[in-house]
Amino acid sequence: MIIDEASLVPIFIQVAQWLEEEILNEHIREEEQVPSTNQLAAMYRINPATARKGFDLLVDEGILYKKRGIGMFVSGGAKELIRKKSKERFVNETLRSLMAEAKKLGLTKKDVISIIEEMEE
Amino acid sequence: MNAIECKNLTKTFQSEEKGKQGEVIAAVDNISFAVEEKGIYALLGRNGAGKTTLLNMLCTKYIPNEGEVLLFGEPAYENEKQLKNICFMSDDMPAFDGFKVKKILAYAKAFYESFDHELCRRLLTLYEVKEETLYSALSKGRQTALSMIIGLCSNCGIVLFDEIYSGLDAVARQQFYEILMEQQEKNPRTYILSTHLIEEMSGLFTDVIIIDSGKLILTSSMEDLRSKAFKCTGREEAGEILSGKNILDIKRMGPMAQYLVYDELSVEDKEKLLFNHVTVEAMTLQELFVAVTGRVMEE
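Chains as they are written, first to last, in my numbering: chain A, 1 to 121; chain B, 122 to 420.
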């Protein structure tokens, strides 16, 4: 994980997004324990309070759950939750910025769609 | 609760500069701020800005000409309980000269009642500081490491580190950051770290204090800073959207300009900027520091 200091996305949200990505990639699987905020803070040189805030966000969303005295774990069904959330992000951010970029190049929505249709999967 | 509160702190010295001998200069000039408990504060300032003088007043090594320091709500001066709860370490500790490491540690252990012996052993091994060595015979890096070890192990409520990491190599610094983060999770303390290594340390801080020529320039939490310190890059005339905002610096590149803004930007502001093809990024702590303390070179 590289924290992007220039990004307008708050650091704790970047931490949460990093963990979501690792869960989607199955680097960390459902029902597995996630790294401690302490490990994360030490490894990436970020304040533990910031790391914790990012993890708490995922607890609130049901992606992680806490086991008292042990740590935080990935919920069953977390991947599905993240996928749903990421789809929204894909539409609201990725596709929007893609369309903005296309507009700069003088490509219409139709052009973009036909390019996508011609692409090999 | 505030761990530290300082009100209108001023410290003056007589100048020793040639031609200005005897002239009174304020190394710290009417500075007030509060430090929240368990925060990790960056104290930033250029060389000679007054960082060391300020830290020396917080632990009452220097007595201010004016103003007052409160530690956990109590006046600091001659307050034995609070002064045992604050540890000030710099890379230059003349008081250690002439002693063996063992003796220095024995003093520290006797003074700081809840000294962490276990952590101390671990760190002495890690940094290869031998107890039988004379302080003056230690390398610069190990002298620094000793200051750092005492600060981390003192278990004081407040720990002040004055630029100690500069003498450490990249590996030793990385180890220090890791230990600091680990300790902060296990056993949170209040830290003020003065440093020039802004870029590599900025993720550690919860708050920042910037001083320049003895005066307080700004104090803010890192979180607030990220929502009001921006770099806006686009055509120069698009900068009109920013009129009325607090602009720290404008860098011109042909028809383009980069505006360094220290102000809140509303959603409408951001939309307007985007519509006018202005890219908005967050300013890094280092960029902000340079913008508020850098003086323009005369041509």
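These are computed hints drawn from the structure, not numbers from a lab. None of these values were measured; they are calculated from a predicted model. Note that CB positions come from ideal geometry on N, CA and C, so glycine has one too. Be aware that one or more of the hints could be misleading.
Have a look at the derived ranges for each label pair, beta carbon to beta carbon [to be verified]:
#1 B:145 - A:66: 41 to 51 Å
#2 B:199 - A:9: 40 to 50 Å
#3 B:187 - A:101: 53 to 63 Å
#4 B:159 - A:77: 48 to 58 Å
Checklist entry - Among all the numbered hints in the text so far, which are the ones the structure does not match? => result 1 and 4
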